[in-house]
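Sequences listed follow chains C and Z, in order.
Mapped onto my numbering, the consecutive letters of the first sequence carry residue numbers 1 to 106.
Mapped onto my numbering, the consecutive letters of the second sequence carry residue numbers 1 to 244.
Mixed in with the good hints, there may be bad ones.
In silico lysine to aspartate or glutamate, EDC-like type, Cα no more than 20 Å apart, as pairs [unchecked claim]: (1) C:102 x C:18; (2) C:84 x C:15; (3) Z:126 x Z:150; (4) Z:189 x C:39; (5) Z:144 x C:83; (6) C:35 x Z:67; (7) C:80 x Z:150; (8) C:84 x Z:150; (9) C:105 x C:51; (10) Z:144 x C:15; (11) Z:26 x Z:56; (12) Z:26 x C:83; (13) Z:105 x Z:67; (14) Z:189 x C:13; (15) Z:46 x Z:17; (16) C:35 x Z:150; (17) C:98 x C:13; (18) Z:26 x C:13; (19) Z:144 x C:51; (20) Z:26 x C:51.
Treat the hints as calculated values from the structure; they're not laboratory data.
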Amino acid sequence: MLKKERRRYLALEIDSEETFSSKELMNALWSAVLKLYGEYGASKTGLALIDYNGEKRFAVIRVVHIAVENVRAAIASITKIAEKPAAIHVLNVSGTIKTLYKKLKQ
Amino acid sequence: MKRIYADLHLCPNLNNERQTARMIRKAAALGYRLIAIPVPLSFTEKKVRWLRNLCEEVGIEFASRIDLKPRTPRELIVNLRRLRRRFEIIAVLCETKQVARQAAKDRRVDLLNFPAINFRRRFFDKAEAELASSGLTAFEIDVKPLIMFEGTVRVRLMSNLRKEVAIAQKFRVPTIVSSGVSDELHMRKPRELAALASLFDLKETAALEAVSKNPVAIVKRNREKLSPRFVAPGIRVIRRGKDC
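Only chain Z is shown next, with the shape it has when bound in the complex (with noise of 0.2 Å):
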């Protein structure tokens, strides 16, 4: 069965419709089927069915995103509880310790990202790590520190996500290796980013399975979620009625 590849992070410039749609137009040219876009709160309704209708023009799925960057753990608890229904994807970028604790453990959570640059923000350890195996949250990676940065940054910045691809692994997080791109340039084919991903020591099946299988499985689940016809996992409405 022929894959289907997703970039779960494609960040054009939303106020700009036109590279917006470029950048859309591209991401069906290089093979991507679903892609999600994070969108800012004040986005309305309107404009999120503009971004579906420019997916769909081109044959691919559209996913709304939302990034969190909470302070605190009760900041990111009380916008899950207020933004958990509004978005099929919720990413949390974790920049203390106490909310990448919160954000893996807590099961509204989809995708946990990290600071490229600042080293000592990454926080997914052991601890971090078993925490999101229980939540089934996901770790992603953004290539996009990988293409921009060159000499020592990159280097730290490979041997940091090879430690913590490993620890993910080891505890069966899934990982999501995603784009995070502003400009069409840095727009990269799904195996490219798969093989990017060799840099930090991800099998190529994992990494192949990273720009698709993993991506498409937290689109899936979060869109039966947010079907009016969900009760709980593996319940859900089939017939309403009086004869029911």
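This is chain C alone, in the form it adopts within the complex (with noise of 0.2 Å):
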């Protein structure tokens, strides 16, 4: 029987001084992750976005367990978003969505 994919989901906070949208967020995820690691590796991420809210730079997204070093690697790599100067901050990494946010609270 095929074993259940775990997964990860990882609280991301954006450093700008600008808002962008989702679909900004993502090209700049998905762009980091298959420069380093190709389209093999991007497609073994599992990298899906969960929750985002532009005005509060905070988004959550959804990574194949074995692959979340990988991901912060790629995360760590952005420099710009939608060619404007960004960063991005793993804030916190857990199983669950609802303990992601019970993390974030405390």
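From these two lone chains plus the hints, build me the complex, please.
Rendered as structure tokens:
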């Protein structure tokens, strides 16, 4: 039987004076992952946007648990979003969305 | 026990006091407890104290650092003799093989750094690592070029770093991962630096040590050596006076 894929949820903080749309954020994330790991590597990350608040510059993404460090490295390599200077920091990592928000509140 | 994260190569523009203060505050917010800023030789004691106070205000420790870029081994030795007791960290940017070899074997040198773009001048090979391992010198990697470069330059850099890190691990030369950035937006959290280290095949535990245990150990060792109580490794003055 196929093993259930374990997932991790990453809370992200966008460090920039500009505001971005969720599409611009995901484009930056995908392009960073593609540049570092190629299409084959990117296909293994299971990257998906779960929640996004452009005004608060906050996002939650989902990745496959074995790809957390790779995605973290790709996120750290981002210096621009939509050609505007920006950085993204990982605030927290959790196995469920519920605990992720709980950790963030603490 | 909670890790103490350190960035031994934060490079704010020291002529811009506001930016320097902002970068120090950001380092504290990102989770660093110890930072080192390379200061020029012309920097006065008063200005170093200003940096130290800025760091104390935000609850982080400051270590003074000087980056030497000697052209000859002789110049390196002269500089080390003059500066060793003035700075907590001495890093050498090795631009020639002779300088790299001298820096690796000299116990007064803390960090070996190599040019990021000029791959012909990256002299960290087996001979260099063997000298460094006996001379207690650490191998420093700045992540700034990994963040800034793209394409083939980054590919070559990652490939070189992978080989160098493997050599360093084989000869038990401590690896240190620093940021080397001069812009706030390029500053990264310690765990993000460790994640970037995975790009040159540094395992997670080794990468975390490269941003915590290894740099902290260097600063601790040097502070002990610079203290007036220090006599020799393992020997220090406990009490002075006529009754001793």
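Structure-based check of each hint:
Restraint check for residue 102 of chain C and residue 18 of chain C: not satisfied, since their Cα atoms lie roughly 28 Å apart, outside the 20 Å limit. For a cut-off of 20 Å, the pair hint linking residue 84 of chain C to residue 15 of chain C stands: about 11 Å separates their Cα positions. At roughly 28 Å between alpha-carbon atoms, residue 126 of chain Z and residue 150 of chain Z are farther apart than 20 Å, so this suggested pair is violated. For the suggested pair residue 189 of chain Z and residue 39 of chain C, the alpha carbons sit about 27 Å apart, so the restraint of at most 20 Å is broken.
For the suggested pair residue 144 of chain Z and residue 83 of chain C, the alpha carbons sit about 19 Å apart, so the restraint of at most 20 Å is met. For a cut-off of 20 Å, the pair hint linking residue 35 of chain C to residue 67 of chain Z is broken: about 32 Å separates their Cα positions. Distance hint between residue 80 of chain C and residue 150 of chain Z is fulfilled; the C-alpha atoms sit about 13 Å from each other, no more than 20 Å. As the CA atoms of residue 84 of chain C and residue 150 of chain Z are separated by approximately 17 Å, the hinted pair is consistent with the 20 Å bound.
For the proposed pair residue 105 of chain C and residue 51 of chain C, the alpha carbon gap of about 16 Å is at most 20 Å, so the pair holds. Taking the CA atoms of residue 144 of chain Z and residue 15 of chain C, the gap is near 17 Å; set against the 20 Å cutoff, the hint holds. For the given pair, residue 26 of chain Z sits about 13 Å from residue 56 of chain Z by alpha-carbon distance, which is consistent with the 20 Å threshold. Among the hinted pairs, residue 26 of chain Z with residue 83 of chain C is inconsistent with the structure: their alpha-carbon atoms are about 23 Å apart, more than 20 Å.
About 17 Å separates the Cα atoms of residue 105 of chain Z and residue 67 of chain Z, which keeps this hinted pair within 20 Å; it holds. A threshold of 20 Å between alpha carbons decides the hint, and for residue 189 of chain Z with residue 13 of chain C the separation of about 12 Å falls inside it, so the pair holds. Note on residue 46 of chain Z and residue 17 of chain Z: the hinted pairing holds, with a Cα-Cα distance of about 14 Å set against a maximum of 20 Å. Between residue 35 of chain C and residue 150 of chain Z, the direct Cα distance comes to roughly 8 Å. Compliance with the 20 Å bound is thereby established for this hinted pair.
Taken as a hint, the residue 98 of chain C and residue 13 of chain C pair is honoured in the structure, with Cα atoms around 18 Å apart against an allowance of 20 Å. Restraint check for residue 26 of chain Z and residue 13 of chain C: the C-alpha separation of about 14 Å stays at or below 20 Å, so the hint holds. Simply put, residue 144 of chain Z and residue 51 of chain C have alpha-carbon atoms about 30 Å apart, too far for the 20 Å limit, and the pair is violated. Restraint check: the Cα-Cα separation between residue 26 of chain Z and residue 51 of chain C comes to about 26 Å, which exceeds 20 Å; the hinted pair is violated.
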